[in-house]
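Novice: Sequence:
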Amino acid sequence: MNRRIPIVLLLLVTSLVGTTFFAQSLFSGKKIQKKVVVDSILKKNNTVEKELTTTDSIFQYQGKFKPFKKSAHASYYADKFHGRRTASGRLYNKTKLTAAHKSLSFGTIVRVTNEANGKSVVVEINDRGPFVRGREIDLSRKAFFTIASSSGMGYIKVTLEILQK
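To get the working numbering, take the position in the sequence shown, counting from 1, and add 7.
Please note that a few of the clues may not be correct.
The list that follows gives simulated cross-link-like pairs (lysine to any residue, SDA-like), each with its CA atoms no further than 20 Å apart [said to hold, decoys possible]:
(1) 76 / 123
(2) 73 / 166
(3) 71 / 120
(4) 103 / 89
(5) 109 / 75
It should be emphasised that the hints constitute simulated quantities derived from the structure, not laboratory data.
Given only the sequences and the hints, what does the whole structure look like? Please build it.
Specialist: If you want it as structure tokens, here you go:
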């Protein structure tokens with residue numbers, strides 16, 4: 008019986024510390040770890056939800072989207088960049104909703120809307136570029152083809168809006 012008490016106390020303390028850490032992260036809106044699924048969902052009330060890979064929790068970043076640029080040209084990363092480091096230090100993944108912009112800071116949440124069909128996607132800026140004259144934003148392959156009307160397109164005209172917290 009005496010051997011069980013330290014084990015039970017250790018389990019109790021460990022669970023309380025873990026729960027406290029999780030609750031602080033949940034209510035402060037901060038990320039628990041650096042690994043974040045960047046697949047964002049846009050709801051009707053301009054709320055962006057991000058789901059963490061380490062837990063089943065959903066974080067909401069409240070705010071409104073402020074217009075940034077209309078009639079911007081958007082393209083997508085070539086497949087050869089998949090798995091390489093971006094300017095932010097994270098690995099580029101063509102199946103995530105990320106983007107590259109020349110001047111927006113890393114971590115900026117941007118809604119990109121295709122002007123031709125009205126489809127939109129919410130991405131996070133994690134790289135620099137595009138380095139082609141006349142292009143404003145480089146989207147990941149998944150983000151680009153989410154809003155593109157056909158798979159034969161290489162660039163589209165979009166409207167950019169930034170999430171203001």
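Novice: May I ask which of the numbered hints given earlier this structure violates, with the numbers listed in increasing order?
Specialist: none
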